[in-house]
Structure formats: structure tokens, C-alpha cells
Amino acid sequence: MIKNIAVLTAIFISFTSGLGQAKVYIDLSAPSERRMPVAIGEFRELLAQGALPQDPSGAIGAALAQTLRGDLVFSGLFSIMDAKGITEKDFGPCRSIGADTLVAGGYTVDKDRLSLEVRLLDCVAEKVLLYKRYIGSTNNPRRLIHYFADQLYESLTGRKGVFSTKILFVSNLPGNKEIFSADYDGGNVMQLTRNKHINLSPQWSPDGRKVIYSSYKNGEPNLYMFDMRSGKDARVSSRPGINVGGRFSPDGTRIALTLSAEKSPELYILTLATGEYTRLTDNYGIDVSPTWSPDGQRIAYTSDISGNPHIFVIDLTTGKSVRQTFEGKYNSSPAWSPDGAYIAYARADGGAFQIWAMDVVTGSARQLTFQGNNQSPSWSPDGRHIIFSNSNNDKGSLYVMHADGTGLRKVITGIGNESSPAWSPYLQ
Amino acid sequence: MKNHYRKTLPLIILLAGLVGCTASNETVIDDITAKADSQQAGQTASAVGADGQPIQEVVVPQDNAITEDTTDASTASAKAGDSSADAQTAGQDKTGQSGEAASQKTLYTIHFDFDRYTINETERGLLAKNAAWLNSTPRITVRIEGHADERGETEYNLALGDRRASAVKKFLQDLGISPGRLSTISYGEEKPAAQGHNEEAWAQNRRAEFDVLN
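Top line first, the protein sequences correspond to chains A and B. When you number the first sequence by my numbering, it's gap-free, plus one each residue, and the end is 428. When you number the second sequence by my numbering, it's gap-free, plus one each residue, and the end is 1214.
Be careful, since some hints might not be right.
What the hints assert, rightly or not - Simulated crosslink set (PhoX-like; lysine-lysine; CA at most 25 Å straight-line):
hint: 1; chain 1: A; residue 1: K84; chain 2: A; residue 2: K127
hint: 2; chain 1: B; residue 1: K1170; chain 2: B; residue 2: K1191
hint: 3; chain 1: A; residue 1: K395; chain 2: B; residue 2: K1191
hint: 4; chain 1: A; residue 1: K160; chain 2: A; residue 2: K210
hint: 5; chain 1: A; residue 1: K23; chain 2: A; residue 2: K89
hint: 6; chain 1: A; residue 1: K263; chain 2: B; residue 2: K1170
hint: 7; chain 1: A; residue 1: K160; chain 2: A; residue 2: K410
hint: 8; chain 1: A; residue 1: K320; chain 2: A; residue 2: K263
hint: 9; chain 1: B; residue 1: K1191; chain 2: A; residue 2: K196
Since the hints were made in silico from the structure, they are not lab data.
Here chain A stands alone, though its shape is the one from the complex (with noise of 0.2 Å):
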């Protein structure tokens, strides 16, 4: 029987290292300066003999690359080198450019039908670290390719990558202020809201299938969700006064928010099963923008409860606010890391906002941005970036940055004038 489990166990450790988990090619946890050079090859149209090209000017394997591109400079991980013309068996070509590894593949066209087959290779070891095939649409071929961008850096870090995430935004380019989203570069913009009114704040649930937004559509300003794959949309706060601000609880039962219907703009917590409201603050001041701690613990938000806006958190088992800022003379939009360690918020000290990050634990805080007049930041899943709005009088956009502000760069959508930007959870 020992000799069974002996067996059973050696399966065990082939399955495992045939699942590629062995190596960790870039290790997140001791940071380096060194970039991971990645060769990324030609996409090439793969014909059957004499068949004719479906994509006779290389648009789509243009597009693959160019984007495959874009998402690995993004991470700020790796160096891109150009390997045109290397192909998925050229081991020594691609070693001799200096590469560690390389990204080759090719994709078939059949009418709106997109296949991609794509390989990862680790040129030194010669070995093949991924091969995948993405069936999808024409339409969209950045799709397929950010898929396949989350499964490297996975493969090569070990971490969950953020390629297929999505960002929340609000432009008035309609004419009115309504909501969008786009990929997390901006690419693939859709327009959720068409409703012609004022549409504010949009947020993601924890699953990623819903928005949460604040909207003047029925006159008041009331709290809406959407549903984005039936498209329906229903009415979850419908108190007096301003329903603004919410934010899902990390499981997703409950809804944190800003009511004025009883003395003043107070805090509460919807539980949606039931349908209850809990109040959170009782004072006469201002009580807006919560942001909940990954552990569903506790809650920091904005109050001027001490003469101007300043950043506090409530824990939600004492019911005890704990003021975190102190400097500053308006202090705002908190969002709390993924990894709970950190909370981003926007601070002006008179003139313009900047984007600065508390440490939870010792409160010591850290300026990100200096240029420019920025707020609202939202965290990526994996907790590595920040997204925020810039605005400059009329004209407002977005920009990401590493979350120790460097790696600054815009976040083109293509519509223009954008505000109030949410990073998603991650989507698969």
C-alpha cells in the first residue's frame, strides 16, 4: 500500500510540473529593476494551400501585436524587442536578439470568426511555456490577445493578470454626463447610459456583472443598477434628498452609500436581500464617498466633520470613526488596496488635487502625482496600478500609474472628457 501512495504521489508531482507551475519567471514579492525582455514575433494570417487571404492587409495580426505590446509595457515588467520574421522554432534567432523569451503566432478568418493560435517560449530553455488557441470575433481581435496577456504574465509571475479588466467612466461628450466603460487601456469603448440626464458615479459589484451609478433620470437623484448582460437596470435607493455614492460591500449583499433624507448627508449600509437601511454617522456635517476594506471590516470615507473634508474610517463592529488625515485642506475620494495595506485619496492643499496613499497601519502618507489637477483613483485587482481622472478647467481624462506613481501614462478611450474612472474586479 506505501508502495501505491510512492506511485500515486510521483503522478502527482508530473501533473503538477507538466502544469508549469514549477518556475516563477519574474518574482513580484522582491521587485528588480531588470525588465524581462520578451521577443514578440509576427502574427501571421495561417492559410490552408491555396487558400486566399481573409486579411489580405495584416490589420488583425497588426492589431494583436500592437496590443500584445501595449499590455506587457503597461506592467511595467518587461522590455519589448521586435522579432519580426522569428518563428515559434527559432530558439537561437530569438536568443540572439537578447530575448529571454518570445511570443509567436498566428490566426485563421472564417467570415466574423477569429482564431488565434499563440505560443510562449522560453528561448533559453527551449521550451514551450504556453499554447493556446482563442476562438473569437473579428470585430475584436485586442480581446483575444489581452486573454492570452493575462495567461503570460501569469504563467511568467505567478500572479493573476489584469489585461481582460475593464474601467467605469463618466463623459458629458453625449452632451449630458453618461456612463461607459472600456478595456483597461480605454480600448473597446461601449456606452452603458443613454438616458439624457445627469449620470454620476459609476462601480463595479465584486462579481464584475454589475454597475452601481447615481442618475438624475427620473428627476431625483437616485441610486441605479445595471445589469450588464441583460441590460436591465432597476432603482435600488429611492430616499429623499441625495442617494449617492454606492459602493458594494466586498461579498456583494450590501451596498454602502450617502442618504440626506434624515438631518444631513449621513452614511449607511443597504442590505439589498432585505431591502434595510443601517446608518452609519450621526452628526451635522457631511458624510460621503465611502470605501470599503477588502475584509468587509470597515469603511473609510470623507467628512468635514472637522471643519473641512478629511478622510476617516468607521469600523463596522465598534461603530467607532477614527479621523486618518490630517494635513491638507481638502482631503477626498478614498479607495482602499486590494491588499487592504493602503488607502489612495486626493488631497488639495489649496490649489489643485493630488493623488497621495495612506499607509493603513501607520498613517504615514506618500504624494503620487505632482502635475496637473487629479483625482478620484480607483486600484487595479491586482493592486499594482492606479487609475484617476485629471482635469484641466474643461477638459477632463484619465491616467494610470504604477501604485508608487511612476509609469504615468493617459488612458486614451476616444471619446474625451472623462471623469470618476472605476478599475473592475478581475473579469475571469
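On the provided structure of chain A, position chain B as indicated by the hints.
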């Protein structure tokens, strides 16, 4: 022997599970912003790549451009329309409104300091005139709209507008106006009266204005 089986059974089940997972080389991705796609029917047949090697196959469903179902949400209140803009412009013409309260054509807009919702001395005088006019026109009901300037956070500004409208309502109640004639709404920074990005414009936008409902 029986005992041995008992010990190894969980391991066997675990391995069977692993074998089951790895044998099906195809992952079906469930997309969040897409309706159910006919392609993602949950098939798990193993696949072969172009060169005959085993390949992991992933079906990536389309992003469907779904927009909100507005069928039950299109009953937007006409009150929230832009007609208030005219009333507000007239209301700001304070110099031309020096006559009797009863001859006042409209109600004065009340202005606030940055990030404040207390009503200062000069504005109290204007509110007293508004109260007098409301006393002389007992059938009129009004909605008080609270606004903020563009600086600061969207949600904070909505709360600030709410506080300003409530402060004005409370003041008028204290002057004897029935609360039943006074409703409030906040537009935060969403409906500026002046479009500029300087103190002059901001000062005009930090306001509570009156919308006569009937």
C-alpha cells in the same frame, strides 16, 4: 487493507479530479459584459493545434454593446429640465429688484462661501425678501436647488448642494413659510450658472436658487 483504502481514497479522488481538469484542455471563458454566447456552450473537447500538437482552447465571447433598458426609466421629471436657468438669471439681477416684495418677479438666488453651507448676513437679507414674497403668494410652491462650484469631489459637492438647499429651506421655515411649500434638490457641481474656471465664476456657482413649481 480496509484502513489503507480509507487513507488513500481522498488522494485518489484528488488525483482523479486533477486528471479530469487537465484532460479537458479547453477553457470556456465567461465574459462579464457579454450576453450568453452560443459558442460558450460549455463543451470541453480537447483540441489540436495547426501542427498537430495539443493546444488549450479558449472561447472568447464577444463584447455586446448593451445599454440600459430605459423602458421604465424614461419618465424623467420635467421639473428637472432647464427652465430654471431663466429664473435664476433674473434672480441675480439684484439691483433691479429694489421695490416691494410683492412686485418681485422672481426669487433671489442665495450665494455661499467655498465649502460652506451657512447663510451669511447679506444673503439673509435676500432670503427675508424671498420669504416676504412667498408670504404674499401663499399658493406658490417652490423647489430650492442647491449647487456647488466645480472644485472638489463629485459626491462631496452633491452633499454640499444638499446642505445648502436644506439650510435655505430651514431659514425660510424659521421665517414662517410652511415646509409643505418648500422642496429641495441638490445638483452638486453638475449645473453651473457660470461656465468659467475662476473665482468669479465659482462664486456665482456656489448657490441655492428657486424654481417656482406652480
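Here is how each hint holds up against the structure:
For the hint pairing K84(A) with K127(A), the CA-to-CA distance comes to about 20 Å; that is within 25 Å, so the pair holds. About 23 Å separates the Cα atoms of K1170(B) and K1191(B), which keeps this hinted pair within 25 Å; it holds. Proposed proximity of K395(A) and K1191(B) is supported: the alpha carbons are some 16 Å apart, at most 25 Å. With a CA separation close to 22 Å, the supplied pair K160(A) and K210(A) stays within the 25 Å bound.
The straight-line distance between the Cα atoms of K23(A) and K89(A) is roughly 22 Å, inside the 25 Å bound, and the hint therefore holds. For the proposed pair K263(A) and K1170(B), the alpha carbon gap of about 11 Å is at most 25 Å, so the pair holds. Proposed proximity of K160(A) and K410(A) is supported: the alpha carbons are some 23 Å apart, at most 25 Å. With a C-alpha separation of about 20 Å, the suggested pairing of K320(A) with K263(A) holds against the 25 Å cut-off.
A threshold of 25 Å between alpha carbons decides the hint, and for K1191(B) with K196(A) the separation of about 14 Å falls inside it, so the pair holds.
Hint compliance for this structure: every hint is met.
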